Amino acid sequence: MKTDKLLYGAAYYDEYMPYDRIETDFQMMKDAGMNVIRIAESTWSTWEPHEGVFDFTHLQRMLDCATKYELNVIIGTPTYAIPSWLANKSEDMLALTHDGPSIYGHRQNMDITNPVYLDHAKILIEKLMEQVVKYDCVIGYQLDNETKSYDTCGPRAQAMFVERLKKMYPDINEFNHEFGLDYWSNRINSWEDFPDVRGTINQSLSAEYRKFQRDIVTEFLSWQADIVNKYRRPDQFITQNFDYEWHDYSFGLQPEVNQYDAAKCLDIAGCDIYHPSNDYLTGREITACGNIARGLKNNNYLVLETEAQGNIEWLSYPGQLRLQAYSHVANGANMVEYWHWHSIHNAIESYWKGILSHDLAPNRTYKECSVVGNEWKRIGKHLVNLKKKNRVAVIASNEALTGLIEFPMESKTSDGYNTVLRWICDALYMMNIEYDIISSHADNFSDYDYLFVPALYSASEKELHALDEYTVNGGNLIVTFKSGFSDEHLKIYSDTQPHILSKALGIKYDQFTYPSNVKVSFNNTTSNASEWMELVSCDTAETLCYYDHKVWNTYSAVTLNHYGSGRAMYLATLFGENTLIEILKDFFKDDDRLTSNEFSAKFPIVIKRGINDFGKEIVYLLNYSDKDQSIINHKAECTELISDCPIHEGGTITLAPWDVAILEFEM
Amino acid sequence: MKTDKLLYGAAYYDEYMPYDRIETDFQMMKDAGMNVIRIAESTWSTWEPHEGVFDFTHLQRMLDCATKYELNVIIGTPTYAIPSWLANKSEDMLALTHDGPSIYGHRQNMDITNPVYLDHAKILIEKLMEQVVKYDCVIGYQLDNETKSYDTCGPRAQAMFVERLKKMYPDINEFNHEFGLDYWSNRINSWEDFPDVRGTINQSLSAEYRKFQRDIVTEFLSWQADIVNKYRRPDQFITQNFDYEWHDYSFGLQPEVNQYDAAKCLDIAGCDIYHPSNDYLTGREITACGNIARGLKNNNYLVLETEAQGNIEWLSYPGQLRLQAYSHVANGANMVEYWHWHSIHNAIESYWKGILSHDLAPNRTYKECSVVGNEWKRIGKHLVNLKKKNRVAVIASNEALTGLIEFPMESKTSDGYNTVLRWICDALYMMNIEYDIISSHADNFSDYDYLFVPALYSASEKELHALDEYTVNGGNLIVTFKSGFSDEHLKIYSDTQPHILSKALGIKYDQFTYPSNVKVSFNNTTSNASEWMELVSCDTAETLCYYDHKVWNTYSAVTLNHYGSGRAMYLATLFGENTLIEILKDFFKDDDRLTSNEFSAKFPIVIKRGINDFGKEIVYLLNYSDKDQSIINHKAECTELISDCPIHEGGTITLAPWDVAILEFEM
Amino acid sequence: MKTDKLLYGAAYYDEYMPYDRIETDFQMMKDAGMNVIRIAESTWSTWEPHEGVFDFTHLQRMLDCATKYELNVIIGTPTYAIPSWLANKSEDMLALTHDGPSIYGHRQNMDITNPVYLDHAKILIEKLMEQVVKYDCVIGYQLDNETKSYDTCGPRAQAMFVERLKKMYPDINEFNHEFGLDYWSNRINSWEDFPDVRGTINQSLSAEYRKFQRDIVTEFLSWQADIVNKYRRPDQFITQNFDYEWHDYSFGLQPEVNQYDAAKCLDIAGCDIYHPSNDYLTGREITACGNIARGLKNNNYLVLETEAQGNIEWLSYPGQLRLQAYSHVANGANMVEYWHWHSIHNAIESYWKGILSHDLAPNRTYKECSVVGNEWKRIGKHLVNLKKKNRVAVIASNEALTGLIEFPMESKTSDGYNTVLRWICDALYMMNIEYDIISSHADNFSDYDYLFVPALYSASEKELHALDEYTVNGGNLIVTFKSGFSDEHLKIYSDTQPHILSKALGIKYDQFTYPSNVKVSFNNTTSNASEWMELVSCDTAETLCYYDHKVWNTYSAVTLNHYGSGRAMYLATLFGENTLIEILKDFFKDDDRLTSNEFSAKFPIVIKRGINDFGKEIVYLLNYSDKDQSIINHKAECTELISDCPIHEGGTITLAPWDVAILEFEM
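Protein chains in written order, with my numbering: chain A, 128 to 794; chain B, 128 to 794; chain C, 128 to 794.
No incorrect hints appear here.
Note that identical chains are pooled: a pair holds if it fits in a single copy or bridges any two copies.
Result set (PhoX-like, lysine-lysine): computed pairs, CA atoms no more than 25 Å apart in a straight line: (1) K494 - K677; (2) K391 - K424; (3) K646 - K754.
Simulated from the structure, these hints should not be mistaken for laboratory data.
A quick note: this is a predicted structure, and the numbers were derived from the prediction, not measured.
Sequences are here, hints too, so could you generate the full structure?
Printed below as a string of structure tokens:
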């Protein structure tokens with residue numbers, strides 16, 4: 128989906144305001160060049176104060192006023208936080224989880240399989256849709272918010288799970304065999320004996336339940352989309368606010384949602400990206416998480432939430448907020464929307480600050496937003512709908528992620544799957560190589576010249592054969608440790624490891640350990656091995672690095688194999704980013720387009736590209752440092768869009784700290 | 128309240144003794160110069176072995192024997208630990224808390240709002256009073272012990288809470304608005320919908336519940352005082368053993384009790400103070416916690432418990448126990464009572480050792496107590512009822528403390544409010560400036576020349592106006608970060624920060640962050656900023672220090688404003704004690720009485736003063752070091768009381784390690 | 128019990144196999160010189176898929192095939208993991224514990240006092256015995272597996288506990304007095320008032336409950352032994368797989384089982400020993416834990432489980448697996464059985480790897496096992512049934528261990544009792560002094576020349592008098608801190624400490640603290656004191672070291688007393704192993720046999736000895752290092768068994784890294 132302009136704005140909550148100031152706020156937004164707000168998603172108890180009694184006063188005020196100040200509006204369905212009267216309507220309204228029963232208060236702890244919840248949610252969404260659909264300013268709908276299954280494990284959900292297993296396995300013996308349930312007397316000899324899954328020590332079963340919980344989310348969003356679809360105008364879109372594995376900030380693939388599946392009912396993907404700032408701002412998350420979002424529909428996406436002031440430790444240095452906004456758009460976002468307009472005066476997110484501080488006055492953050500908003504008003508049509516055609520893809524897999532939750536690697540400080548995913552993604556980012564993140568279930572990979580496979584711990588034979596075929600047909604495959612080890616139900620493959628892939632990779636191993644005092648060296652870089660190490664032997668592959676270790680030094684840490692028309696590299700342990708970059712440079716060395724750029728620019732200059740609606744090539748030069756940087760344009764004559772100045776071939780572009788330049792080239 | 132002599136003794140538990148030795152014990156106490164015991168507060172199951180069956184054998188033995196050995200007795204009502212038969216009498220006898228239901232065994236886990244508990248407690252107290260009131264040796268009563276609400280959250284307590292809210296807010300919309308309940312659909316549209324408060328994510332609600340729990344304590348103690356008052360003789364006092372926020376030792380203001388309110392039903396405040404010892408002994412807690420106790424009734428207080436040998440890591444070096452005893456008295460205590468006489472041979476406090484070790488023989492600790500007891504027998508009449516008239520006060524607030532529990536600062540190692548309170552108190556202590564600690568709700572502050580306001584995060588406009596008025600009328604106000612930020616219900620003020628105080632302080636800010644690599648420098652001292660930093664701009668104030676930071680260096684860390692007839696200093700972050708002392712010295716520089724003393728003595732010599740019952744000035748010189756110290760008396764001729772020697776003006780006083788001198792001056 | 132040969136093998140699970148390969152597996156075992164498997168202990172749900180329906184297909188396959196490949200079989204009764212249908216048969220089938228109710232899934236969480244469980248267990252064991260008893264290959268039975276009480280605290284178990292107390296204490300007052308229940312109103316005035324023991328703060332009560340739980344285990348195993356005894360052939364033995372306090376590996380005495388009592392119903396003791404490997408392999412656990420096992424029946428023992436590849440971080444270096452196998456046998460084991468043959472493809476122990484990796488192919492580990500197996504086939508008859516007659520014993524006590532769980536020492540990093548036990552054991556091991564570990568309840572100690580008493584915190588007067596008597600009669604007693612402090616119910620003794628022992632030791636103390644900046648020095652070694660320090664004064668003893676500390680330096684850290692015909696040393700704190708070794712060397716200095724050996728070999732050469740079935744002396748030389756080592760035989764001419772070469776007196780034995788030599792001497 129394309130949007131007609133770059134969207135820039137904030138979530139807005141008239142109902143939270145300490146006093147009436149909506150006209151002031153919307154005027155301030157308009158002055159700042161903002162053009163969109165997201166509303167309504169959090170406050171069911173305001174819209175329906177008593178069962179069946181509706182009060183849309185705040186909603187109408189906001190829509191009327193948005194119309195007046197020419198702000199677009201995205202309506203969130205307010206189903207992710209229920210009113211207390213609804214919680215009291217059903218014994219099992221709140222989810223029973225692995226941690227026991229939930230208590231009312233927090234959002235996102237109801238049982239989304241509960242029919243009473245679903246009935247009331249449907250009524251409310253329908254009432255809301257009737258209110259809002261007629262407003263011209265309403266451009267789209269966000270279904271619920273950061274939806275999950277909230278670990279629902281109640282009797283109803285578990286019964287649904289058993290029914291699903293029954294259908295998958297008409298023969299219960301086959302189920303026991305695939306899941307290895309003989310172990311420790313966990314064998315289930317009749318479906319009636321199925322025990323509470325919360326106590327299981329069988330990771331195949333636990334992982335299957337997590338998959339079932341992800342599918343609940345897909346079904347729930349699809350069910351909501353159906354309701355909204357009955358009402359919405361054709362020009363209004365449907366999106367959802369997907370989030371990421373959380374490490375005090377957005378870190379990687381979301382474990383609790385299969386976003387590739389869940390996005391099918393949407394017109395455009397949406398997400399929220401929060402990240403470290405000030406001395407810790409690198410842009411890594413904007414790229415890694417943004418690439419996940421862009422891959423969901425293989426198209427532009429909406430940043431439905433990102434930090435303005437954000438959490439206390441995130442307060443950004445002057446210039447950083449603007450750099451961040453441009454970075455999102457450079458990565459393919461069509462919207463940057465802050466959470467949120469005003470800092471809230473009560474409750475748990477009072478210190479997750481918005482654009483305005485609690486005094487609701489124009490401040491440093493607001494002024495920096497105004498710069499962005501007014502620049503985008505001026506040049507946004509050159510930036511919106513930026514299309515990318517990347518040659519590099521990184522594979523992502525919820526099943527593999529779950530596998531490494533169920534069978535964690537040794538390191539207590541890592542986050543398993545996403546640590547490996549980010550290891551690959553961040554090295555590419557630091558090399559200024561743009562990449563897509565795609566599902567391991569993608570139909571084929573032949574669109575890409577390079578395919579990275581981080582820790583694909585759980586994979587069906589079909590998936591593994593697809594990788595083999597990709598390579599034999601000329602692809603460049605890069606696989607890390609812990610790939611192809613277990614099947615789609617975490618049953619470990621019982622032949623040569625890595626299963627199927629060993630052929631393309633030309634290697635095998637049958638032992639692994641935790642790397643203690645182990646190093647990996649390549650091209651004058653040396654770094655510590657961590658997380659995991661496999662004792663790899665080469666069949667047809669050549670060894671690029673052996674382990675530096677007094678005993679394990681006969682085993683390979685990195686190997687390279689020629690296979691069919693392609694190449695396959697294996698990384699048998701995790702090591703330092705610098706060393707990885709050197710290895711990748713060597714792997715890419717005959718491919719100039721990947722390893723160099725026409726600006727001879729390296730990180731902290733980040734380069735992003737794409738084709739805009741005018742069919743012209745856009746190149747962003749983003750200065751991720753607190754130093755001035757000079758870049759020479761070796762490419763061709765172009766226009767720097769913000770300054771509207773021509774840059775001759777050979778000309779110099781100077782960037783202030785945290786500054787950005789946008790070059791537009793004729794094709 | 129005055130006492131007729133310094134009280135010195137220990138808690139005594141005849142019922143815990145492994146064999147009968149009461150006469151030996153009381154003789155040993157008498158020999159040591161001890162004159163008081165506290166008894167009876169812990170053993171309801173001994174006094175009432177079966178419902179309605181009473182057995183006061185041990186009690187009578189103790190009172191008879193105390194009479195014989197001329198020991199005074201304080202009777203504790205034994206209601207803070209219930210017998211198992213009582214626990215079984217009511218389904219909800221034990222408190223349902225945020226952590227779920229309680230199990231019998233621990234003390235202090237019953238629900239003190241339970242009528243069955245209250246009925247039985249009343250009967251027992253009455254029976255006990257009948258037993259003890261007639262004994263001459265009984266000088267007073269301690270109500271319960273370290274009373275709290277024990278986080279009672281059962282249905283009865285929550286119903287009481289809702290009733291209270293209903294009365295406070297006849298209009299439920301006003302309640303929703305003040306508490307910001309629209310947020311995340313937490314709006315309560317009818318009182319019947321009120322959810323279990325334990326699940327709330329609304330800190331205004333949570334803080335209000337904590338306040339309600341503190342008020343339960345006040346009511347409970349007042350209810351007990353009424354019962355005791357029906358029986359007690361006029362010469363017998365009522366006290367309570369207040370304790371402090373616990374950090375492996377007594378640290379600061381107690382979060383779970385409003386001691387200013389709770390003390391109203393008492394004749395004299397009591398407290399227990401436990402603190403680090405040996406290499407870690409500084410006297411800071413004896414002063415900070417003692418000053419809280421002295422401020423409760425603005426009068427002398429009782430140290431009902433302090434360590435003899437105490438916990439394993441507290442074993443004191445020779446001389447320290449005596450120094451501690453004198454420090455309490457120098458601070459205004461009229462009693463020093465150890466917990467406890469004998470180390471216990473079973474159960475959870477076996478390693479919280481008393482004066483005697485488990486072998487019950489005279490030991491090093493006993494001998495050091497004997498030195499103190501016999502000195503006090505000789506000179507105690509000069510020391511008792513020491514009156515202070517301090518010019519400096521530090522404000523304490525339970526609401527602010529709660530506010531910083533609900534909205535913690537970033538640092539994982541600090542304890543929020545009390546860290547800031549102690550930062551101020553400890554700097555004054557190290558400067559040998561004596562101070563009072565008073566409630567933020569005090570009627571007026573004009574008795575004090577200097578008023579310190581640490582982290583007054585939650586404050587009503589009334590409280591803030593009082594501070595403004597204090598300053599305009601000539602007071603010297605020192606305010607720290609996180610003051611005046613939210614109202615009495617933790618609703619953040621929605622205008623210029625700090626609310627109301629910004630005028631007196633001549634500053635404002637709208638952003639804050641966590642200080643990372645930030646320093647504060649003043650007069651050749653430099654220290655790291657920590658916990659919190661506000662980006663302060665001056666209006667009428669001048670900046671004393673800017674932040675040392677590459678970006679935030681245009682903002683003020685410390686400011687000074689002249690306002691009306693007074694001055695107002697603002698500390699926008701927390702930094703090192705040395706730097707704070709330099710800043711305070713500068714602030715006090717025209718006030719010789721604060722910054723110098725007639726002994727030119729500095730810490731580790733601690734100086735404490737007051738007027739005794741003879742109307743003479745007493746000056747304590749306390750050597751908090753393991754080195755000899757010499758001090759010259761520049762003040763006037765005086766008598767050193769312990770040695771009974773005259774000290775001429777200009778004479779030298781030499782203190783051995785951990786030693787003390789007490790000078791008595793004619794007025 | 129003797130066995131007719133060294134047993135070498137692995138646990139085998141045909142029912143877990145991903146495909147049928149039993150013939151392959153057993154042929155591989157046979158080729159590797161293996162001769163034993165353990166089967167059947169984990170899979171009740173496979174043997175009895177529905178209540179009363181039995182399916183022993185896998186069992187019969189294994190027994191038939193074992194017969195064919197001449198493997199001995201140990202049958203485990205499969206009662207430690209129940210099927211889900213059984214869990215559903217009784218409301219309280221799963222144990223209610225201190226952590227609340229259990230959920231089905233994990234093994235070892237049923238309530239072994241539940242009669243429904245016991246009835247079904249009996250039926251199954253009987254059915255199983257009927258199946259297996261007739262097979263010649265079945266040589267013995269393992270009862271259950273790593274049996275515990277699983278912290279059962281349900282109403283039935285607690286009622287059993289109260290009944291037991293009633294019998295112990297006909298007078299409830301005596302019970303209250305001994306347990307000190309007056310404290311904090313915990314007095315129990317009638318048995319009907321007995322509260323839920325899970326809430327108690329009385330460690331005497333808590334420890335008594337733990338003892339009761341240990342006795343449940345003893346009774347349960349004895350009950351199982353009775354069932355098996357009804358069926359077994361006279362040539363078949365009964366054993367049990369005892370395990371150890373777990374610290375990510377086998378560390379020390381098992382807190383939850385009194386193995387000395389529980390072993391009474393067995394013919395031969397069995398155990399599992401898991402330990403660090405690769406750079407962290409020292410052999411300490413093989414000796415310390417093996418010595419516990421050998422001490423249970425004062426005879427040879429079976430290592431029923433030890434690691435093959437084991438956990439990820441345990442992967443051993445080439446040669447280590449063989450060294451480990453020999454070390455077990457050198458310590459008196461008659462069997463080394465790996466857990467397990469094949470790595471499992473599903474569930475919680477998938478990464479606790481067996482001999483074979485998941486690919487089930489011959490690997491490095493299998494090949495190293497083959498070396499061992501084939502060597503033992505050749506020389507095993509010289510190694511089996513090795514008898515030891517040690518002169519040194521270390522006392523172990525479950526009550527003392529429990530005492531230090533209930534009253535932990537200060538250090539957060541230590542594990543209390545076992546830290547002290549291992550401190551002693553490991554120093555002896557490093558000195559190449561072999562020792563027995565025996566129960567503190569042993570009838571007499573006169574068989575030993577040296578008796579070590581680590582932290583005997585809880586001990587009856589009978590036990591303490593036995594130690595006194597041992598010494599007065601000429602024994603050499605070495606006692607550590609925290610011995611003789613409390614009686615068998617954790618009531619602290621109320622006279623001179625250490626109770627009774629103070630006389631033999633010639634010392635006393637009444638104070639103790641945590642050692643901060645305290646050192647202990649002896650013979651040019653200095654180390655930090657840790658865990659605990661007692662301020663010891665000598666009566667008749669002499670001081671070997673005082674504490675190095677600015678204040679506590681007048682107190683003794685190590686003392687020596689001559690008492691009757693014996694000597695008694697006291698260690699008042701824990702300090703470094705090097706210093707302890709120097710002190711012990713000095714203590715042993717007139718006893719050449721202890722402090723020297725005929726090979727002048729020191730750690731990393733470990734020396735183990737014994738007499739074999741031929742009446743010859745066997746001396747093992749085990750190289751615990753990755754360096755070559757040369758040892759000179761100063762003893763006498765002998766044969767090195769592996770090489771079958773004679774070694775002359777004065778001859779040199781050279782050991783490769785992790786290698787072993789076995790010398791056989793004529794007596």
